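*Asks:* Listed here are the chains, written in short residue letters.
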Amino acid sequence: MTEPGDAGRPVRLGGGQGFYGDGHEPVAALLEAGVDYLVCEALAELTLAILAKDRLRDEALGYTRDLPRYVAAAAPYLLDGRTRLITNAGGINPVAAGRAIAGLAKEAGVSGLRVATVVGDDVRPRAAELGLPDDALFANAYLGARPIVEALAAGADVVVTGRVADASLFLAPLVHEHGWAWDDWDRLAAGVTAGHLLECSGQVTGGNYSGAWWENPDPLHIGFPIGEVAADGTMVLTKPEGTGGMVTFDTVREQLLYEVHDPARYLNPDVVADFTTVRLDDLGDDRVRVSGATGGPAPHTYKGLVCTPAGWAGEVRFGYSWPDAEAKARAALGFVRGRAEAAGLAVDEWHEEYFGVNAYGGDTVDLGPRAVGDLEPPEVIGRLAWRAADRDVVAAVARDVGVLGLSGPPTITGTGRARDGKPTQLLSVEPFFVDRSSVDAGVRVDLQAL
Amino acid sequence: MPRIQLRDLCGARSGDKGDISDVSLFADDAAAYEAIRAEVTAERVREHFGTLVQGPVERYEAPNVWALKFVLHDALGGGAPRSLRADNLGKTFGANLLRLWIDVPDDVAAGAGRRKAPVPR
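Chain order of the listed sequences is F and Y. The opening residue of the first sequence carries number 48 in the working numbering; numbering runs sequentially from there. The opening residue of the second sequence carries number 166 in the working numbering; numbering runs sequentially from there.
Heads up, some of the hints might be wrong.
[Claimed, not checked] Straight-line distance between alpha carbons at most 16 angstroms, and here's what the computed EDC-like set of lysine to aspartate or glutamate pairs gives:
hint, chain 1, residue 1, chain 2, residue 2
1, Y, K256, F, D309
2, Y, K182, Y, E226
3, Y, K234, F, E92
4, Y, K281, F, E262
5, Y, K256, F, E306
6, Y, K256, Y, D184
7, Y, K256, Y, D271
8, Y, K182, F, E388
9, F, K100, F, D182
10, F, K350, F, E92
11, Y, K182, F, E92
12, Y, K234, Y, D271
13, Y, K182, F, D182
14, F, K350, F, E388
15, Y, K281, Y, D184
16, Y, K182, Y, E223
17, Y, K234, F, D182
[What the hints assert, rightly or not] Which stretches of chain Y does chain F cover? Using the computed rule of at least three CB atoms under 8 angstroms from a CB of chain F, they are:
hint, region
18, 175–188
19, 195–207
Just so you know, these hints were derived from the structure itself, not from any lab. In this text, all values refer to a predicted model and were calculated from it rather than measured experimentally. Glycine residues also receive a C-beta, built at the ideal position from the N, C-alpha and C atoms.
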C-alpha cells in the first residue's frame, strides 16, 4: 500500500467546511470517497465577531459549536487512520474546542484519538504593547501552516486551531506529506493556491456560480471539493462521484480570485503567491487541473484582526403594497425617524433601504424616468436601521415603532416571521360557544375585608 | 461601437475583508477580456457605485483567467459586523457592477448575450 507523499501518490485533501453554518451532509461523501485529510475551515471575520459575543456570555465558548458534529462524522476514519482532521474551528477559544472534542470522545466511549490544539494566535494579552485598544473583544494574528505541520509530525489525528489563515490549513498537510522546504516558494504557493480553492466548500463546485447557475446539476446534493495534490504542487480539483454540483474552468476561476486583492500578490503567512501565473485546464468530468503557481518570500508580519465594541443597532421592516408602494414605505420610515428625533433620542446613524427598488443596488440602480422611476413596483419593503452608543436608546426607538400601525401610511404589512429561520411558536385561535348558565354558575364575587 | 451591458458579457463574484469589497469580473474569452480591460476602468467603477463606495477603487488584471479585479475601499458601511446595511458583506456588489454599460467592438457584441435564467412560475 502506498502512503500519501510516496512518489506518484498525490495527497487527497477534502474541503469539508467553508464557514460556520455550512452543510454537514457533504462531509460523508468526502470521507467515503477517501481523503487523506479532511480540512474544515470555519472562520470568517464576521464569524469571529459572532464567537466574541458567545464568549462574552460564557467564557467556555468562543469556538464554532458544530465542531463535534464534524469530529463525530470523521471518527471512524480518524480511528483507523484513513484520514486526519484539520480545522480552525477553535475560533477565539481553541482550548475550549479541544475540551469539547475530549468530552465528545468520552461520551462516545472513544479512546486513542490524538487531538492537537494550536494556541498562540490570541494577542489580546499583549494589546498595550502592540498599540491595540484596551477594550478589544478579541485580537488575533493569522498564523501560518507551521504549527499544524508540527502537530501532524507529532502524530495528531485531529488538529484544532484558532485563527490560522484559511489556505494554510490545507498547505500544512502538503508540507508534511511532500516534505516541501519553507523556502520552496513555488511549492508553497501551489499549496496556498490549492488551499484557497478548497477552503470555501461548495463555492468551487457550482455554488454561488454567476454563470448558468440554474444548470448546476443536483444542487441539493452538492459535492464538496477534493484536491489531489502531487509532490510538484500540481492539483486536480474534483468532487466525489455521484454528488451534485460541478467543477469546471468557470467555477474554479471564480473561486481563484475570491477575496483576493492583488492577484499577483496574495499574502499568506508562509508565502506571497502569484495567482496570475496559475493555469487552469478543464479535463472534463468535473476535473480541473491547477498548475503553475509561483511565489516569493513570506511577509515579515502576520496580519491580525482586532474587534472592539461599536455601539448598538436596531432595525425594523415594513411591507407596503401597490399603489404608491415606494412612496408609502419612504413615508413610513420618515415617520419612525421623525418620532425618535422628536423624542430627542440620541441616534448616531440612520440607514434606510427599500427592497424592491434599490436596497442592494444603491446608486448602481438607474432610477431615471425610463428605468425604475416610471415603474410602480407591486410591493416595496422599507427597512430602517439605526445605531446608537446607548443600548437603551436603540431599544427605545424600537418600542415606539408600533404607532406606525394605525397612524402611518396605508397598507402597512409584515415581511414574515423570524428573521433567520429560528422557530417561532404558532398559535391557533378558533371561536366557540358555551351555555350561559353553566358559566354563571361558576361566577363568584368574593369580598375580602382588609 | 455597440453598447452592451456587462451582464451580457461577464460573470462576477464579490468578497469582503473589513470595510473593503473586492469584485471580480470574468470574461468568456480573450476578446471579451480585452474589451472590458479597455472600458471598465477603476474610475468608471468608482463612479458607478456612487455613494455605496466612499473610498478609492483599485484595479488589477488576471489575464490568465480573463478576469479583472476591483478593490473598493470604505465600501461596506464600516465592515460587516459594524454595518447597518442588509447586504453587510457586499455579496451583491458583483451583480451591481454587471449593470454597467460599455462600448465594445462589433465582434465582441456579436458574441455577447449570456443566457438568462428561466423563471419556473
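*Asks:* So, for every hint listed, does it hold in this structure?
*Replies:* Against the structure, the hints come out as follows:
At roughly 19 angstroms between alpha-carbon atoms, Y:K256 and F:D309 are farther apart than 16 angstroms, so this suggested pair is violated. Note on Y:K182 and Y:E226: the hinted pairing is violated, with a Cα-Cα distance of about 19 angstroms set against a maximum of 16 angstroms. Simply put, Y:K234 and F:E92 have alpha-carbon atoms about 21 angstroms apart, too far for the 16 angstroms limit, and the pair is violated. Between Y:K281 and F:E262 the CA atoms are separated by roughly 11 angstroms; this keeps the pair inside 16 angstroms, and the hint holds.
Between Y:K256 and F:E306, the direct Cα distance comes to roughly 11 angstroms. Compliance with the 16 angstroms bound is thereby established for this hinted pair. Note on Y:K256 and Y:D184: the hinted pairing holds, with a Cα-Cα distance of about 13 angstroms set against a maximum of 16 angstroms. For the proposed pair Y:K256 and Y:D271, the alpha carbon gap of about 32 angstroms is over 16 angstroms, so the pair is violated. Straight-line distance between C-alpha atoms of Y:K182 and F:E388 comes to about 34 angstroms, which puts the hinted pair past the 16 angstroms bound.
Distance check on the hinted pair: F:K100 and F:D182 sit about 14 angstroms apart at the alpha-carbon level, within 16 angstroms; holds. Distance hint between F:K350 and F:E92 is fulfilled; the C-alpha atoms sit about 12 angstroms from each other, no more than 16 angstroms. For the hint pairing Y:K182 with F:E92, the CA-to-CA distance comes to about 7 angstroms; that is within 16 angstroms, so the pair holds. Between the alpha carbons of Y:K234 and Y:D271 the distance comes to roughly 25 angstroms, so the proposed pair goes past 16 angstroms and is violated.
With a C-alpha separation of about 22 angstroms, the suggested pairing of Y:K182 with F:D182 is violated against the 16 angstroms cut-off. A threshold of 16 angstroms between alpha carbons decides the hint, and for F:K350 with F:E388 the separation of about 41 angstroms lies outside it, so the pair is violated. A threshold of 16 angstroms between alpha carbons decides the hint, and for Y:K281 with Y:D184 the separation of about 32 angstroms lies outside it, so the pair is violated. At most 16 angstroms may separate the alpha-carbon atoms for a hinted pair to count; Y:K182 and Y:E223 meet this at roughly 15 angstroms.
Restraint check: the Cα-Cα separation between Y:K234 and F:D182 comes to about 36 angstroms, which exceeds 16 angstroms; the hinted pair is violated. Judged by the Cβ-Cβ criterion of 8 angstroms, the region 175–188 of chain Y is covered by chain F as claimed, because 9 of its residues qualify and three suffice. A stretch counts as covered by a chain when three or more of its residues have a beta carbon under 8 angstroms from one of that chain; for the region 195–207 of chain Y and chain F the count is 0, and the coverage is violated.
Comparing the model with each numbered hint stated earlier shows that hints 1, 2, 3, 7, 8, 12, 13, 14, 15, 17, 19 do not hold.
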